[in-house]
Amino acid sequence: SQQGEEDPQALSIQEGENATMNCSYKTSINNLQWYRQNSGRGLVHLILIRSNEREKHSGRLRVTLDTSKKSSSLLITASRAADTASYFCATDRVSARQLTFGSGTQLTVLP
Amino acid sequence: GAVVSQHPSWVICKSGTSVKIECRSLDFQATTMFWYRQFPKQSLMLMATSNEGSKATYEQGVEKDKFLINHASLTLSTLTVTSAHPEDSSFYICSARESSGTGDTQYFGPGTRLTVL
Chain U
469 SQQGEEDPQA
479 LSIQEGENAT
489 MNCSYKTSIN
499 NLQWYRQNSG
509 RGLVHLILIR
519 SNEREKHSGR
529 LRVTLDTSKK
539 SSSLLITASR
549 AADTASYFCA
559 TDRVSARQLT
569 FGSGTQLTVL
579 P
Chain A
4 GAVVSQHPSW
14 VICKSGTSVK
24 IECRSLDFQA
34 TTMFWYRQFP
44 KQSLMLMATS
54 NEGSKATYEQ
64 GVEKDKFLIN
74 HASLTLSTLT
84 VTSAHPEDSS
94 FYICSARESS
104 GTGDTQYFGP
114 GTRLTVL
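Protein sequence lines, in the order shown, are assigned to chains U and A. For the first sequence, my numbering assigns the number 579 to the last residue and increments by one with no breaks. For the second sequence, my numbering assigns the number 120 to the last residue and increments by one with no breaks.
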């Protein structure tokens, strides 16, 4: 079963704008990871944030984690058309040694 | 990072036939591999956890007799969809876990698209 939900389900923005996606989860985690998936393709690992971290950056990506609210956000700055994809959060739960995926956000960046 | 391959990348079969999908960890040993299924416009759902040398652990609602998993070596796990039906058409993704001193990391294969006619 899925660990949690992501919102929005779909997001459409203009190139150059920032995109923010949110992920909520239900149980205690070791870490939370974000992945990208282009249509019909495999997963690309973007970034991992550990439970004792609050914020992490990687290039144009910024991830925050609030364990008290059991939520995370992924910010993509200065978006590009090539960022168009589905984005999934995945939690590495304390109670289970496998990743559990959120429902995903479909991001469309318009040129 | 580590590489996980899947073969085939896509397969079309007739209803009632069986299809085998291979998942290999190319540059590391994986005592644990995972099989996920993804329907169009949906998220990945864990089907089963495959442990080398022992029986797989299936998630609730996944038929173990229909989705046969074999993890015969530290670098290979196979998923066989037996007596496939059109509703089994989906994108199947495997993942292999690498354990190190700093913790576990899951690496994902590129997926296999199964279409059952």
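Heads up, a few of these hints could be off.
As the list claims (entries may be wrong) - Result set (DSS-like, lysine-lysine): computed pairs, CA atoms no more than 30 angstroms apart in a straight line:
no., chain 1, residue 1, chain 2, residue 2
1, A, Lys67, A, Lys44
2, A, Lys44, U, Lys537
3, A, Lys17, U, Lys494
As the list claims (entries may be wrong) - Incomplete in silico selection of chain U near chain A, CB under 7 angstroms:
no., residue
4, Leu479
5, Leu511
6, Ser519
7, Ser571
8, Gly572
For the record, the hints were derived by calculation from the structure and aren't laboratory data. For glycine and all other residues, C-beta sits at the position ideal for the given N, C-alpha and C.
The hints, checked one at a time:
no.	hint	verdict
1	Lys67(A) with Lys44(A)	holds (25 angstroms)
2	Lys44(A) with Lys537(U)	holds (27 angstroms)
3	Lys17(A) with Lys494(U)	violated (40 angstroms)
4	Leu479	violated (14 angstroms)
5	Leu511	holds (4 angstroms)
6	Ser519	violated (12 angstroms)
7	Ser571	holds (5 angstroms)
8	Gly572	holds (5 angstroms)
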